[in-house]
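No gaps in the numbering here: position 17 of the sequence shown is 21 in the numbering used here, and each next residue is one more.
I should point out that these hints are in silico values taken from the structure, not numbers from a laboratory. Hints should not be assumed to be uniformly reliable.
[Said to hold, decoys possible] Mimicking SDA-like on lysine to any residue, the simulated pairs with C-alpha atoms at most 20 Å apart in a straight line are:
no., residue 1, residue 2
1, 202, 104
2, 202, 142
3, 289, 256
4, 202, 150
5, 138, 110
6, 289, 33
[Claimed, not checked] Restraint-style ranges between C-beta atoms, simulated for each label pair:
no., residue 1, residue 2, range
7, 286, 190, 39 to 45 Å
8, 77, 278, 38 to 44 Å
9, 292, 126, 28 to 34 Å
10, 107, 64, 34 to 40 Å
11, 112, 70, 48 to 54 Å
12, 151, 77, 35 to 41 Å
13, 82, 116, 20 to 26 Å
Predicted model only: the values in this text are computed from it and were never measured. Where is the CB? At the ideal position from N, CA and C, for every residue including glycine.
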Amino acid sequence: MPPPVFRFAPSPNGYLHLGHAYSALLNFDLARASDGRLLLRIEDIDRARCRPDYEQAIYQDLAWLGIRWEPEVRRQSDHFALYRAAVEQLAAQGLIYPAFESRAEIARQVAARQVAGPWPHDPDGAPLYPGAGKQLDPDERDRLIGSGAPYALRLDMTAARALAGDLFWDERGHGPDSETGMVSARPEAWGDVVIARKETPTSYHLSVVIDDALQGVTEVVRGADLFWSTSVHRLLQTLLGLPAPVYRHHPLLRDGEGRKLSKSSGATGLRALRAAGVGSEDVRKMIGLATPA
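Please model the complete structure; the sequences and the hints are all you need to start from.
Given below as structure tokens:
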């Protein structure tokens, strides 16, 4: 039997913090304990926010933590053609459509609908897309595309859900409500999710399932904030004929006010801890991970 394959997949849009250290070290420890492989993937599809210096800092921080990974690092920005081909595969099934509204226009549409009552929100708390783009006349779609207007390619969730049928995933960790074992996927809770944009031929949801499949990842170990995103990933895996790994979602590290650690909230970076003289073993103690024997 081939060894299990794990991966750590950060985005170089800021410096790694203790939450990243927990996930990276957990992947590393599990890979070593199972005689498995650990891959490193750089998820840099957001070319506006991702920077080479942040990428170099990722390598430095992981090495400082004592993490070793296989030498070939996959960088998503090198594989846009593969993601574009997957978009075309979904389009050939009649499952995606362009939506031209800006975020402000979508917010106005949602506000108008909320007059009649509460509007549904996705598991992250964002209001679902109202779906106006799906009703757009085909000639008007062609005109807008020809004019160079920006657009997002959205998945027709109703059609995709009908085509895919019932979906489940194998959860070895636990979700927000302690879900474990075979979990029923509910991608419809996300509405018509964005699959790609005019300027970027992919999205997190699409690229992650393609990369996991192409890299032979068998164990996805990541934070519990992505637990319900797995519903969308299982849907895309089914639609694209991709294998499903085993999932293990772990608890998030939080600050003194109960907020999850994040780059946007200014969580202390690993490089700052290193500069202050904190050692890698100290980091393990801070995040509650024992040093493997």
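Index of numbered hints that the structure contradicts, given in increasing order: 8, 13
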